[in-house]
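Engineer: Construct all of the structure, not just a fragment, from the sequences and the given hints.
For the protein sequence lines, the chains are S and F, in the order given.
Under the numbering used here, the first residue of the first sequence is numbered 40, with each subsequent residue one higher.
Under the numbering used here, the first residue of the second sequence is numbered 198, with each subsequent residue one higher.
Some hints here could point you the wrong way.
[Claimed, not checked] Taking lysine-lysine pairs in the DSS-like style, the calculated list, with each CA pair at most 30 angstroms apart, reads:
| id | chain 1 | residue 1 | chain 2 | residue 2 |
| --- | --- | --- | --- | --- |
| 1 | F | K370 | S | K199 |
| 2 | F | K312 | S | K365 |
| 3 | F | K445 | F | K370 |
| 4 | F | K270 | S | K199 |
| 5 | F | K341 | F | K370 |
| 6 | S | K365 | F | K371 |
| 7 | F | K371 | S | K199 |
| 8 | S | K365 | F | K302 |
| 9 | F | K445 | S | K365 |
| 10 | S | K199 | F | K467 |
| 11 | S | K199 | F | K226 |
| 12 | F | K302 | S | K199 |
| 13 | F | K370 | F | K312 |
| 14 | S | K199 | F | K275 |
Don't read these hints as lab results, they were simulated from the structure.
These are the residues of each chain, in order.
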Amino acid sequence: MTATAPPVKDETPADERLLRTSPLQRLLGRPELGSVVGAVAVFVFFAIVADGFLRASSFGTVLYAASTIGIMAVPVALLMIGGEFDLSAGVMVTSAALISSMFSYQMTANVWAGVGVSLLVTLAFGVFNGVMLTRTKLPSFIITLGTFLMLTGLNLGLTKLISGTVSTKTIADMEGFASARALFASQFSVGGVDIKVTVLWWFGLVAVATWILLRTRFGNWIFAVGGGADAARAVGVPVRTTKIGLYMGVAFCAWVSGQHLLFSFDVVQSGEGVGNELIYIIAAVIGGCLITGGYGSAIGSAVGAFIFGMTSKGIVYAEWNPDWFKFFLGAMLLLATLLNHWVRKRAEATR
Amino acid sequence: MRAVRAVLATVLGVSLAATVAGCSATGGKRAEDARKAAAEGRSAVDTPRWTVAMVTHSGDGDTFWDIVQNGAKQAAVKDNINFLYAHSDEGQQQAQLVDSYIDKKVDGLIVTLAKPDAMKAAVARAVKAGIPVITVNSGSEQSKAFGALTHIGQDETIAGEAVGDELDQRGRKKALCVLHEQGNVGHEQRCGGVKKTFDGDLQNLYVDGTNMPDVQASIEAKLQTDRSIDAVVTLGAPFADAAAQAKKAAGSDAEIDTFDLNAKVAAGLKSGQLGFAVDQQPYLQGYEAVDLLWLYRYNADVLGGGRPVLTGPQIITEKDAAALAQFTERGTR
Numbered sequence: 040m041t042a043t044a045p046p047v048k049d050e051t052p053a054d055e056r057l058l059r060t061s062p063l064q065r066l067l068g069r070p071e072l073g074s075v076v077g078a079v080a081v082f083v084f085f086a087i088v089a090d091g092f093l094r095a096s097s098f099g100t101v102l103y104a105a106s107t108i109g110i111m112a113v114p115v116a117l118l119m120i121g122g123e124f125d126l127s128a129g130v131m132v133t134s135a136a137l138i139s140s141m142f143s144y145q146m147t148a149n150v151w152a153g154v155g156v157s158l159l160v161t162l163a164f165g166v167f168n169g170v171m172l173t174r175t176k177l178p179s180f181i182i183t184l185g186t187f188l189m190l191t192g193l194n195l196g197l198t199k200l201i202s203g204t205v206s207t208k209t210i211a212d213m214e215g216f217a218s219a220r221a222l223f224a225s226q227f228s229v230g231g232v233d234i235k236v237t238v239l240w241w242f243g244l245v246a247v248a249t250w251i252l253l254r255t256r257f258g259n260w261i262f263a264v265g266g267g268a269d270a271a272r273a274v275g276v277p278v279r280t281t282k283i284g285l286y287m288g289v290a291f292c293a294w295v296s297g298q299h300l301l302f303s304f305d306v307v308q309s310g311e312g313v314g315n316e317l318i319y320i321i322a323a324v325i326g327g328c329l330i331t332g333g334y335g336s337a338i339g340s341a342v343g344a345f346i347f348g349m350t351s352k353g354i355v356y357a358e359w360n361p362d363w364f365k366f367f368l369g370a371m372l373l374l375a376t377l378l379n380h381w382v383r384k385r386a387e388a389t390r
Numbered sequence: 198m199r200a201v202r203a204v205l206a207t208v209l210g211v212s213l214a215a216t217v218a219g220c221s222a223t224g225g226k227r228a229e230d231a232r233k234a235a236a237e238g239r240s241a242v243d244t245p246r247w248t249v250a251m252v253t254h255s256g257d258g259d260t261f262w263d264i265v266q267n268g269a270k271q272a273a274v275k276d277n278i279n280f281l282y283a284h285s286d287e288g289q290q291q292a293q294l295v296d297s298y299i300d301k302k303v304d305g306l307i308v309t310l311a312k313p314d315a316m317k318a319a320v321a322r323a324v325k326a327g328i329p330v331i332t333v334n335s336g337s338e339q340s341k342a343f344g345a346l347t348h349i350g351q352d353e354t355i356a357g358e359a360v361g362d363e364l365d366q367r368g369r370k371k372a373l374c375v376l377h378e379q380g381n382v383g384h385e386q387r388c389g390g391v392k393k394t395f396d397g398d399l400q401n402l403y404v405d406g407t408n409m410p411d412v413q414a415s416i417e418a419k420l421q422t423d424r425s426i427d428a429v430v431t432l433g434a435p436f437a438d439a440a441a442q443a444k445k446a447a448g449s450d451a452e453i454d455t456f457d458l459n460a461k462v463a464a465g466l467k468s469g470q471l472g473f474a475v476d477q478q479p480y481l482q483g484y485e486a487v488d489l490l491w492l493y494r495y496n497a498d499v500l501g502g503g504r505p506v507l508t509g510p511q512i513i514t515e516k517d518a519a520a521l522a523q524f525t526e527r528g529t530r
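Structural biologist: Shown next as structure tokens:
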């Protein structure tokens with residue numbers, strides 16, 4: 040018996056970073072994969088149980104609901120990838136709307152002037168959050184909780200002080216209103232379905248954020264500061280600028296969202312927006328962002344917002360008792376996070 | 198950092214330029230000032246300066262309670278009363294606020310009993326301390342038992358019943374009741390009242406009142422699902438406008454009706470965009486409460502004969518809207 044030695048395989052591995060991965064593996068490594076699976080599941084579920092969910096006009100409504108959350112979920116997701124939170128994001132939307140409305144009204148100025156001032160002030164809120172965070176080194180939870188409370192109080196106090204009531208006066212009869220409304224709160228028809236312009240804003244923001252994250256140096260910085268701020272600083276990433284920039288991104292989107300609020304209803308209630316910041320964070324987390332930072336995507340946040348829109352409106356279409364809505368939401372948040380976790384583990388194991 | 202600064206500078210420049218260049222020739226503060234004739238009140242009596250405190254279950258920034266306060270303040274000016282106001286939508290905190298006013302030894306207390314159980318002990322303490330208490334808005338059933346002088350407000354069930362009757366008269370068959378706060382007893386009573394007298398079918402829809410786009414999208418979704426809905430009843434004035442927009446987007450021809458009034462609702466009634474509004478006259482709830490406490494202090498007067506004094510429901514339609522528009526704009530209706 041002649042023993043032939045088995046052919047010895049070349050066991051010295053090439054550099055693992057240069058390994059070719061199959062397209063499937065690359066797909067499994069995407070942060071938004073879990074949420075896409077979830078979105079398909081939610082869609083199929085409501086398509087079966089809810090009458091009228093599949094109608095074209097319903098799609099427009101669901102998209103609108105998703106877009107108002109999605110516009111804010113994009114910068115919140117980026118911020119979470121960068122390792123921080125913003126609890127002031129919800130009321131900042133209301134602040135942005137109040138500033139535009141009250142500035143235009145009190146100054147009897149063209150509405151666009153108010154919109155410009157609002158952009159400026161809202162960005163300043165973002166800078167405040169960012170600077171406070173990077174200077175004091177306190178956790179973002181504390182800093183933005185402070186901003187959240189201060190803005191809530193300012194919204195009410197200043198509105199009451201300036202307008203004399205808790206809601207703003209109507210600015211619908213002022214110059215510039217029509218053109219501003221066209222930009223922030225109009226709608227158009229695609230194949231007989233009415234689509235709100237917020238959907239375009241949303242898609243645009245997702246596209247820009249995705250480009251920033253994947254194709255620019257700033258995008259790398261975001262992942263770096265989220266993954267480990269000290270390590271990032273050590274290799275020359277400007278951590279401070281990156282974080283301030285991220286908070287300004289949140290402020291910018293809060294401004295967009297606030298202008299939509301103003302120009303679609305033309306009167307703003309000063310007590311609104313409290314609690315929405317959690318909804319944005321939920322959308323980002325369902326979309327695959329890790330709470331610990333360093334991992335996630337803008338497209339994922341959009342999918343998360345879409346799941347949110349489908350669930351909240353699907354329950355109406357299905358004519359279910361809405362007492363259970365928050366329960367569904369919580370269950371979905373847990374499931375999505377578990378699914379994300381599982382998918383990521385598998386992706387890392389097969390690599 | 199430099200890029201950030203450049204962006205800020207550009208935005209600042211642009212918006213300043215816009216402000217200087219672009220004044221609006223229509224609307225705005227200038228128009229309001231032109232409309233408004235100054236009418237500052239002076240006290241009409243020379244009784245000592247008593248202090249009256251009001252503690253409500255209002256959330257932050259609620260239009261309705263703003264009007265109540267306006268009424269109370271106006272009466273306070275007239276009656277030479279020092280008026281204090283506090284609110285919390287948490288029952289326990291509302292009771293604590295009442296306690297702190299008792300500690301301050303105010304001369305009169307106005308409270309709401311939206312969460313009667315939480316308020317029972319606090320009202321009892323006030324009565325024991327010799328402070329006259331008047332309940333407003335909610336709590337008509339408990340008011341007397343708790344030891345309050347009078348209750349001033351609208352019975353939510355009766356108001357709902359009035360809406361049901363009005364819907365019947367208008368020949369509506371299927372109505373939607375939009376509740377903007379889950380778990381609010383008054384809201385359930387209103388929709389329950391509508392259900393009692395409405396001959397058609399009534400469905401409840403819960404929406405998130407702090408998120409207007411969501412309110413609109415939810416109503417839109419409902420109207421798309423059920424084409425046979427021919428009336429939508431909202432429980433607060435700000436939500437009527439959202440309902441009107443949802444109706445437009447859903448291509449429905451349902452009639453929009455609402456509880457409570459504001460400038461926008463008055464305009465909507467006038468233009469026929471809204472069917473009718475049920476007003477409980479919040480201004481009267483604040484005004485009468487303060488005035489009655491003054492009357493009690495001055496003359497030991499009590500109103501109502503042990504029964505609630507009703508401030509509503511008053512059904513307001515297109516006919517009345519024109520006359521009320523100016524009052525809604527100054528925030529007293």
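Engineer: Are the hints correct? Go through all of them and say.
Structural biologist: Hints versus structure:
For a cut-off of 30 angstroms, the pair hint linking K370/F to K199/S is broken: about 41 angstroms separates their Cα positions. In summary, the hint linking K312/F to K365/S is supported, as the alpha carbons are separated by about 23 angstroms, within the 30 angstroms threshold. For the suggested pair K445/F and K370/F, the alpha carbons sit about 20 angstroms apart, so the restraint of at most 30 angstroms is met. At most 30 angstroms may separate the alpha-carbon atoms for a hinted pair to count; K270/F and K199/S meet this at roughly 15 angstroms.
Simply put, K341/F and K370/F have alpha-carbon atoms about 39 angstroms apart, too far for the 30 angstroms limit, and the pair is violated. Proposed proximity of K365/S and K371/F is supported: the alpha carbons are some 28 angstroms apart, at most 30 angstroms. Straight-line distance between C-alpha atoms of K371/F and K199/S comes to about 39 angstroms, which puts the hinted pair past the 30 angstroms bound. At most 30 angstroms may separate the alpha-carbon atoms for a hinted pair to count; K365/S and K302/F exceed this at roughly 43 angstroms.
Between K445/F and K365/S the CA atoms are separated by roughly 28 angstroms; this keeps the pair inside 30 angstroms, and the hint holds. With a CA separation close to 27 angstroms, the supplied pair K199/S and K467/F stays within the 30 angstroms bound. Simply put, K199/S and K226/F have alpha-carbon atoms about 15 angstroms apart, close enough for the 30 angstroms limit, and the pair holds. The suggested pairing of K302/F with K199/S holds, with an alpha-carbon distance near 28 angstroms, which does not exceed 30 angstroms.
A threshold of 30 angstroms between alpha carbons decides the hint, and for K370/F with K312/F the separation of about 34 angstroms lies outside it, so the pair is violated. For the suggested pair K199/S and K275/F, the alpha carbons sit about 22 angstroms apart, so the restraint of at most 30 angstroms is met.
Of the numbered hints stated above, those contradicted by the structure are hints 1, 5, 7, 8 and 13, listed in ascending order.
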